[in-house]
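2 protein chains.
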Amino acid sequence: MEQVFPYEHLHAFTRDVFIKMGCSPDQAELATTVLLSADLRGIDSHGVARLSGYVRLWEAGRINATPDIRIVHETPSTAVVDGDSGLGLVVAPFAMEVAIRKAQIAGTGWVSVRNSNHFGIAGKHAMMALQHDMIGMAMTNASPLVAPTFATERMLGTNPIAVAIPAKEQPPFVADFATTTAANGKLEILQRKEQEAPLGWIQDKDGVPSTNPNELKQGGALLPLGGDREHGSHKGYCLGAIVDIFSAVLSGANYGPWAPPFVSFLPLPPDPVGKGLGHFFGAMRTDAFRPADEFKANMDTWIARFRNATPAAGHDKVLIPGDPEREMEAERRTAGIPILDPVVRDLEGLAMKFKIDF
Amino acid sequence: MEQVFPYEHLHAFTRDVFIKMGCSPDQAELATTVLLSADLRGIDSHGVARLSGYVRLWEAGRINATPDIRIVHETPSTAVVDGDSGLGLVVAPFAMEVAIRKAQIAGTGWVSVRNSNHFGIAGKHAMMALQHDMIGMAMTNASPLVAPTFATERMLGTNPIAVAIPAKEQPPFVADFATTTAANGKLEILQRKEQEAPLGWIQDKDGVPSTNPNELKQGGALLPLGGDREHGSHKGYCLGAIVDIFSAVLSGANYGPWAPPFVSFLPLPPDPVGKGLGHFFGAMRTDAFRPADEFKANMDTWIARFRNATPAAGHDKVLIPGDPEREMEAERRTAGIPILDPVVRDLEGLAMKFKIDF
Numbered sequence: 032m033e034q035v036f037p038y039e040h041l042h043a044f045t046r047d048v049f050i051k052m053g054c055s056p057d058q059a060e061l062a063t064t065v066l067l068s069a070d071l072r073g074i075d076s077h078g079v080a081r082l083s084g085y086v087r088l089w090e091a092g093r094i095n096a097t098p099d100i101r102i103v104h105e106t107p108s109t110a111v112v113d114g115d116s117g118l119g120l121v122v123a124p125f126a127m128e129v130a131i132r133k134a135q136i137a138g139t140g141w142v143s144v145r146n147s148n149h150f151g152i153a154g155k156h157a158m159m160a161l162q163h164d165m166i167g168m169a170m171t172n173a174s175p176l177v178a179p180t181f182a183t184e185r186m187l188g189t190n191p192i193a194v195a196i197p198a199k200e201q202p203p204f205v206a207d208f209a210t211t212t213a214a215n216g217k218l219e220i221l222q223r224k225e226q227e228a229p230l231g232w233i234q235d236k237d238g239v240p241s242t243n244p245n246e247l248k249q250g251g252a253l254l255p256l257g258g259d260r261e262h263g264s265h266k267g268y269c270l271g272a273i274v275d276i277f278s279a280v281l282s283g284a285n286y287g288p289w290a291p292p293f294v295s296f297l298p299l300p301p302d303p304v305g306k307g308l309g310h311f312f313g314a315m316r317t318d319a320f321r322p323a324d325e326f327k328a329n330m331d332t333w334i335a336r337f338r339n340a341t342p343a344a345g346h347d348k349v350l351i352p353g354d355p356e357r358e359m360e361a362e363r364r365t366a367g368i369p370i371l372d373p374v375v376r377d378l379e380g381l382a383m384k385f386k387i388d389f
Numbered sequence: 032m033e034q035v036f037p038y039e040h041l042h043a044f045t046r047d048v049f050i051k052m053g054c055s056p057d058q059a060e061l062a063t064t065v066l067l068s069a070d071l072r073g074i075d076s077h078g079v080a081r082l083s084g085y086v087r088l089w090e091a092g093r094i095n096a097t098p099d100i101r102i103v104h105e106t107p108s109t110a111v112v113d114g115d116s117g118l119g120l121v122v123a124p125f126a127m128e129v130a131i132r133k134a135q136i137a138g139t140g141w142v143s144v145r146n147s148n149h150f151g152i153a154g155k156h157a158m159m160a161l162q163h164d165m166i167g168m169a170m171t172n173a174s175p176l177v178a179p180t181f182a183t184e185r186m187l188g189t190n191p192i193a194v195a196i197p198a199k200e201q202p203p204f205v206a207d208f209a210t211t212t213a214a215n216g217k218l219e220i221l222q223r224k225e226q227e228a229p230l231g232w233i234q235d236k237d238g239v240p241s242t243n244p245n246e247l248k249q250g251g252a253l254l255p256l257g258g259d260r261e262h263g264s265h266k267g268y269c270l271g272a273i274v275d276i277f278s279a280v281l282s283g284a285n286y287g288p289w290a291p292p293f294v295s296f297l298p299l300p301p302d303p304v305g306k307g308l309g310h311f312f313g314a315m316r317t318d319a320f321r322p323a324d325e326f327k328a329n330m331d332t333w334i335a336r337f338r339n340a341t342p343a344a345g346h347d348k349v350l351i352p353g354d355p356e357r358e359m360e361a362e363r364r365t366a367g368i369p370i371l372d373p374v375v376r377d378l379e380g381l382a383m384k385f386k387i388d389f
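So the protein lines, in turn, are chains E and Y.
Sequential numbering from 32 applies to the first sequence in this note's numbering.
Sequential numbering from 32 applies to the second sequence in this note's numbering.
Check the hints yourself; a few may be wrong.
No copy is singled out in the list; a pair is fine if it fits within one copy or between any two copies.
[Stated by the list, open to error] In silico lysine to aspartate or glutamate, DMTMM-like type, Cα no more than 25 Å apart, as pairs: (1) LYS306 <-> ASP388; (2) LYS199 <-> GLU356; (3) LYS348 <-> ASP237; (4) LYS217 <-> ASP377.
Quick caveat, the hints were computed from the structure, so don't treat them as lab data.
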């Protein structure tokens, strides 16, 4: 069913694949670290399982392995970055660095990115701000799979939002979530297990609520966070729309249903409204508001108070955003990373294609 | 059941009440315009129905009618504003103006506010940015009524987020939503009608899902957007937490369960961690990213495309955030504003108290 690999093994292999794609050693190293941070943190759908997807996009000419990533417009606290069709895995850290540099001078920095590709997990980029005592934010638009409230058409991606906030003695607060009820990766797990999805995750091609996890292959759609109007799906739709607009309309990338698909077998929309996929990053110096030490001490109080909130029956504690992923990373760094058999075969295929060892 | 009043009538009366509280004519006018924007836009729970609540907070010494609202810390793109216990209805526009002025120079402006009170509807403040071709954002923490996922304790407010985005020919995109499944105002309507709430809105004091809209009076709690873990309530909890931290930990206001209650009969927490309630505002110049005209033309395309997405059976169109409120405002400006009888009696009571006409 699955095999366990040491992190270092997956890292060396993934890096070799990016090198074979033509990435510079530095960019291959960076792309690998970003991609595998998903596996370490337990977001298995966004990690090495997607490596062959990136390769296929490169083979289709949709990823440029040697991009000239550059700032095309800026003000003291903002910039637009053009990713030159590069891997989102390297474009995103470049843009987040720009946001951090802007924040060092102007207090905050905000960077919208066009002409990029999928960037791995949003949380990894947001967390770059933490070591600078900054709050970090990252979001991205993505392949259209989500129907707005009252619609049947797939107009938005799962459009995640990540916010990382530093604390002092406590570990940081790290929220990282799709703006849908459930991420697509969770559906894929149900498909593999041949189990039904809860109502509120998906609808069929006519907009009728469905429990069939294969509905997306038959014209169905994922639902915005909230699930239906009565449970606030219009709020999830708002969130997904805001991510789309900040990431793609501000930067000049493709937005809404024009967002390029991650899978290479789907054609690009024939009438693009921009360039590639879009992201949006933010960095706010905590001491642009109050002394960093004071802020972080209050975050300690916030975190301790919430972690000790009275738990509901059947639960032993209340979680702080980032707790499960941090615990998973600690475990997987030592115990290794379990990889499902189909993914192992996929990686073996890549090894064969590039004549490298897995 | 209800009476209809012209907007001007409610405006003149509300302004008189704020004057009687000791507000300057300018601040009374501003507070009135902000408060009644809720009634105009159809958010009846946040408008004139709350006027007597503000008066009671003033009588309890928790609202300062003549505040010295000032910037206590700033960088090129940020500021912290101390509201001096003023009405949130006047503190918020002051702070949003600061954000807009910062954005004019630095590209973006971000203002965290402490020592404030409830500020009406978030959307009104975010929309101040639109006339400057800026994107506006507003959020606030609020009385603790919401239990985090897996908790029974009320730790967060309904903590709304508003984002206003300008377009060219199309009306603006204006999202304004509580980070809970349903706002408290919706529960109050069910209480009055003696109807049950859908599952996913509330839980009882033991954390068990409930349909009883009176559950909050018996130790129950509102639920974060998503409703339960399976439907993503941890994401709603993240959103409410982010609003709380940006509004109150960044500024030095009271956060989480320490947020001061809106109702004057509840005591203030005895061990405050900050001053008053907190808000957070943002303004981003669209031309800090790309020419404003180009941005707004693309927003027109975005809005038109989403409005024309294929509707689900039983729906004739897909809504753009802000559509229902804008249509409501157009109607109520001419046809008048319906006020429920208990609210009418409440306003009559205020007229008597202050010896003014209603």
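### Task
Give the relationship of LYS199 and GLU356 under a CA distance limit of 25 Å: within one copy only, between copies only, both, or neither.
within (19 Å within a copy, 43 Å between copies)
### Within, between, both or neither, where LYS217 and ASP377 count as close if Cα-Cα is 25 Å or less
within (20 Å within a copy, 50 Å between copies)
### Task
Indicate which option fits the pair LYS306, ASP388 if close means a Cα-Cα distance not exceeding 25 Å: within, between, both or neither.
neither (36 Å within a copy, 61 Å between copies)
#### Entry: Alpha-carbon proximity context of LYS348 and ASP237, limit 25 Å
Answer is between; shortest inter-copy Cα gap is 14 Å, intra-copy 41 Å.
Of the numbered hints stated above, the single one contradicted by the structure is hint 1.
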